[in-house]
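J.: Given next are the chains, with one letter for each unit.
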Amino acid sequence: MSTAAQADPAAPAGSASPLAHRRPLGDRIFQILAAAAGVLVLVILALIAISTSQQASSWFSTQGWKIFTVDWNPATNSFGALSFIYGTIITAAIAIILSVPISVAMALLLTEVVPRRWARPIVYVVDLLAVVPSVVWGLWGILVFAPWLFNIYTSIASGVKGIPVLDALFGQPVSGASFFTCGIILAFMITPIVTSLSREVFATVPAIDKEGAYALGATRLEMIRGTVWPHSQGGVVGAVLLGLGRAMGETIAAALVIGSSPVITSHLFAAGYDMPAVIANQFGEASGEFRAALIGLGVMLFVITIVINLIARGVVERSARRKRGA
Amino acid sequence: MRLRYRQQVTAAGVSVVALALTLGACSSSSSSSASGGSSASGGASSSSGGGSNLSGTLNGSGSTFQLTYQQEAIAAFKSVQPNLTVNYGGGGSGKGRTDLAAGTVNFAGSDSPIPAKEASGFQGKTILYFPVIVGPITMAYNLSGVSNLKLSPATIAGIFSGKIKTWNDPAIKADNSGVSLPSTAITLAVRSDSSGTTQNFTEFLVEATGSAWTLGSSSTIKWPSSARAASGNPGVAQVVKSTPGAIGYVDYSTAKASGLTFASVKNKDGSYIAPSPESATAAADAVAVKPDLTFAAVWQGGPNAYPITYQSWDLVNAKQPTAADAANLKAYLGYLLGDGQKLLPQIGLAPLPSSLDQKAVAQLDKITS
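Protein chains in written order, with the working numbering: chain B, 29 to 354; chain H, -10 to 358.
Only chain B is shown next, with the shape it has when bound in the complex:
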């Protein structure tokens, strides 16, 4: 009895009982709002998944496994999505391969090499690339960039003629609009994102680690390899995957420069197609199963991006765990 009576006055200041009971009203409202916002995101995602899959169901049910064929021909009611999946992967891969080395190098340059007062204007310029609307990229791509690239494509194609692998990759350009042009435009579009995210990550490396490396006699390159890189690996992978997501989902720029030809070919300079572009191009006149197929492509793209995000998360976590273990 007496101990309980003594404990009571101490309780308000102490931590014996659950906090929730005496949190101020503002805190509780904030908690509810935050939880609601979190749940709302999940609910919206679920509703999107349900309603789009529902509208696409006639495609899945009538075509069955034929949705994974190359033949996309609304005139004969065949809707195979494989060429679009292929195009999405190829263009995103080109964009990543071109953009990531440049972005990471630029981020390292800005954080580790260039003095801060010189870095700032460079950062501004790179970030400016991010505010260019995608339709402007697309129009510039198709009106200016693609015709210019076409000359380069034709000279490369004539150069590699007859060489086994290179001819298959870089032969037969049809016009400036191609997988490769699309990949380059996408690379332009994701470079600022990957650069600025990587820069943020590199900036979090503790100065004491870097100074420690220098103290041990490391050169700048050795310091970057030994301290900056291991510390920021996971973050950079995350940045790259955000860029990949943007590249795979980019619609209007891709629709303008990809060439709009649903084929699977090893020729990177040939006209191709990807999933967002075909939806944007063909939705207007689509009806019935055609419409269902286009919505179904959206569902597929949704699933693919979720899978990629999950893989990314796994990679980041594994590298974080390995670092803790080391």
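FYI, nobody ran anything at the bench for these hints, they're computed from the structure.
Check before you lean on any hint, since a few could be wrong.
To be verified - EDC-like cross-link-like pairs, simulated, lysine to aspartate or glutamate; straight-line CA separation at most 16 Å:
(1) K257/H / D314/H
(2) K211/H / D99/B
(3) K106/H / E317/B
(4) K355/H / D314/H
(5) K319/H / D354/H
(6) K308/H / E267/H
No experiment lies behind these values; they were computed from the predicted model shown.
Following the hints, position chain H against chain B.
T.: This is chain H only, laid out in the frame that chain B set:
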């Protein structure tokens, strides 16, 4: 959110096309809007429903083929019924029909009748078809030194299925006796977006050549992979203009505005006819119209009929929710079929032949509340 993003993206794509269309038609629209105003003020008394003062809003969406006409007509209609606001958004015929089925618009622009697979969306409703415009699709080409190219449907089918690869092919030579044709390779210019133009162009090929055309008829076609695809009529026109040896199907007003050269096409009666608003009206004049006013203007007989002529309807529900909606629709459609038709030749489209126009006007009374 994702779906909404899609729609925005589609809308963005459409607005680019629309923008391009407006830019493409710029030279003609600036002159015609001025004269459109004057012709409309004179027509206020004659167009049906013009006497009373109506107010409200009408929303329409769909066919981009109609878009220029709708924009011109809406501007001119302002002086007939200043309190009645009409909005028309493009988006494609398919979108228009979907919107009408969902009840989000008062009328839908469509270049083709409601296909069987969409009929379930209109169950229990009576849909009225009002033909509003006809127009030629040109075979625009870029071949220096050849100004009067003639093409027969079979040759066009051969070119667009990729079987005819050079301009001096025997089939093209046979259509153009006495003309020296270069050995330039043919580049196909086609639409990357789905379109009523593609639908009607391929319907023409099916009608005119039968089994010789193997790619079918649809708003999106699986073209030979060497084809250069571009968005909208202006996009195709741009490809044709910038590529020596190119040929593409482009609607007349865009081809005209882009300064392209186009071929005369052999019609059902065997004569080669150049595309023009007059030859399109001639084609529509020969058409056998069904009782619901649907028809297909491609491949019609008649000595002066241009064979690749297509049409567009405005679709409305016969039963309107309110009397005001019914009156507003009657007034606006009456204008489109009446004085609005005078705006058409200036924007490269063809007015309806008077017999068809009268049938459409007579059908206005079927709109009830």
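J.: The structure should be examined with respect to each hint, and the outcome stated for every one.
T.: Outcome of the hint check:
With a C-alpha separation of about 43 Å, the suggested pairing of K257/H with D314/H is violated against the 16 Å cut-off. Under the criterion of a C-alpha separation no larger than 16 Å, the hint pairing K211/H with D99/B is consistent with the structure, at around 9 Å. Between K106/H and E317/B the CA atoms are separated by roughly 8 Å; this keeps the pair inside 16 Å, and the hint holds. The hinted pair formed by K355/H and D314/H meets the criterion: a straight-line CA distance of about 13 Å does not exceed 16 Å.
Taking the CA atoms of K319/H and D354/H, the gap is near 8 Å; set against the 16 Å cutoff, the hint holds. At most 16 Å may separate the alpha-carbon atoms for a hinted pair to count; K308/H and E267/H exceed this at roughly 35 Å.
In this structure, the hints that do not hold are numbers 1 and 6, in rising order.
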